[in-house]
Amino acid sequence: MPEYKVIFHIDETNKWELLLGNVRNLLNGMDNEKVIIEVLANSEAVKYYVKNPDSDAIINTMESLNIKGVKFVACNNALMAYKINKDNIIHFVEIVPAGVVELVKKQSIGYVYIKP
Amino acid sequence: MPEYKVIFHIDETNKWELLLGNVRNLLNGMDNEKVIIEVLANSEAVKYYVKNPDSDAIINTMESLNIKGVKFVACNNALMAYKINKDNIIHFVEIVPAGVVELVKKQSIGYVYIKP
Amino acid sequence: MPEYKVIFHIDETNKWELLLGNVRNLLNGMDNEKVIIEVLANSEAVKYYVKNPDSDAIINTMESLNIKGVKFVACNNALMAYKINKDNIIHFVEIVPAGVVELVKKQSIGYVYIKP
Numbered sequence: 004m005p006e007y008k009v010i011f012h013i014d015e016t017n018k019w020e021l022l023l024g025n026v027r028n029l030l031n032g033m034d035n036e037k038v039i040i041e042v043l044a045n046s047e048a049v050k051y052y053v054k055n056p057d058s059d060a061i062i063n064t065m066e067s068l069n070i071k072g073v074k075f076v077a078c079n080n081a082l083m084a085y086k087i088n089k090d091n092i093i094h095f096v097e098i099v100p101a102g103v104v105e106l107v108k109k110q111s112i113g114y115v116y117i118k119p
Numbered sequence: 004m005p006e007y008k009v010i011f012h013i014d015e016t017n018k019w020e021l022l023l024g025n026v027r028n029l030l031n032g033m034d035n036e037k038v039i040i041e042v043l044a045n046s047e048a049v050k051y052y053v054k055n056p057d058s059d060a061i062i063n064t065m066e067s068l069n070i071k072g073v074k075f076v077a078c079n080n081a082l083m084a085y086k087i088n089k090d091n092i093i094h095f096v097e098i099v100p101a102g103v104v105e106l107v108k109k110q111s112i113g114y115v116y117i118k119p
Numbered sequence: 004m005p006e007y008k009v010i011f012h013i014d015e016t017n018k019w020e021l022l023l024g025n026v027r028n029l030l031n032g033m034d035n036e037k038v039i040i041e042v043l044a045n046s047e048a049v050k051y052y053v054k055n056p057d058s059d060a061i062i063n064t065m066e067s068l069n070i071k072g073v074k075f076v077a078c079n080n081a082l083m084a085y086k087i088n089k090d091n092i093i094h095f096v097e098i099v100p101a102g103v104v105e106l107v108k109k110q111s112i113g114y115v116y117i118k119p
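Chains as they are written, first to last, in the numbering used here: chain A, 4 to 119; chain B, 4 to 119; chain C, 4 to 119.
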């Protein structure tokens, strides 16, 4: 069985809905093929990892995708830039020191890159 | 002779002109080197696969690039989301069940990804 | 010691600040690991390779990153489209005939692609 690895990159808050639709379609479209999916948010996109009226529906979708195995990751440089306290982030989000380093390293081990 | 494979990703209607210029420049710049080019449209970008006053000039350019071997592909999830009847799509466009799956699978067989 | 190669793609002037922040974070985050970084600008993004009041702060940042080894490249098709005289471009920018060809060829020799 082939195995695919995908890293989705998001750096704009207004792309979350589109991106999560892409992730859902990927999961639904892969049938029996195994796919590993990571969503890497940097810049202003990390703001939707914090519960607020704007991010509410988005976070519900993230949660349902996370249950299906999708990994959500935040760039710590971005968290600091937007003064976001790590304690306020939704619990299943992992934090990496630099999102851009994550994008490079994951691609270097065979992840394909998609930027919705 | 080296062979290159490229998949262009578009998900915004207002990027079509830029993307098609990129494709044209790629064809012109590759000289004798063989290049295989696919344009994958998902989300709202599929709307320009249907003839309408806005898409008219764009479709003419697509057609001239298609004659030179460029493949144009539509995401069926997007066609359904925008209630686009397959019969109304320009004839040379191929349809895949999920654009995002196409992006993953093509990259996994050596296509490089460009998102104008 | 592993070596990473990264090509950043920019085709919108309003993405320069974000892109250069990404480049800075990548350099800072790679520690002892060697990383080769190229920034490829095409379409309207090449306008910020010319000194003007809007690009002034951006060019200062480019210069400091160039001193650290980051390569800045302009698409000649874009320079011609925007009627930019090569003599007016900041001195450390290299020019390639077609930015999109550069994106393909660099990825084909192992560069990973990031589009902020």
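Incorrect hints may appear among the rest.
Ranges between beta-carbon positions, derived for each pair [as the list claims (entries may be wrong)]:
hint, chain 1, residue 1, chain 2, residue 2, range
1, B, E47, C, N17, 30 to 38 Å
2, B, T64, A, A60, 36 to 44 Å
3, B, G72, A, N55, 43 to 51 Å
4, B, E97, A, S67, 27 to 35 Å
5, A, P56, C, G113, 38 to 46 Å
6, B, G72, A, G113, 22 to 30 Å
None of these hints come from the bench; they were simulated from the model. Values in this document were obtained by computation on a predicted structure and should not be read as measured data. C-beta atoms are modelled at their ideal positions from N, C-alpha and C, and glycine is treated no differently.
Starting from the hint list further up, note which numbers the structure goes against and sort them upward.
-> Number 1 - this is the single hint that the structure violates.
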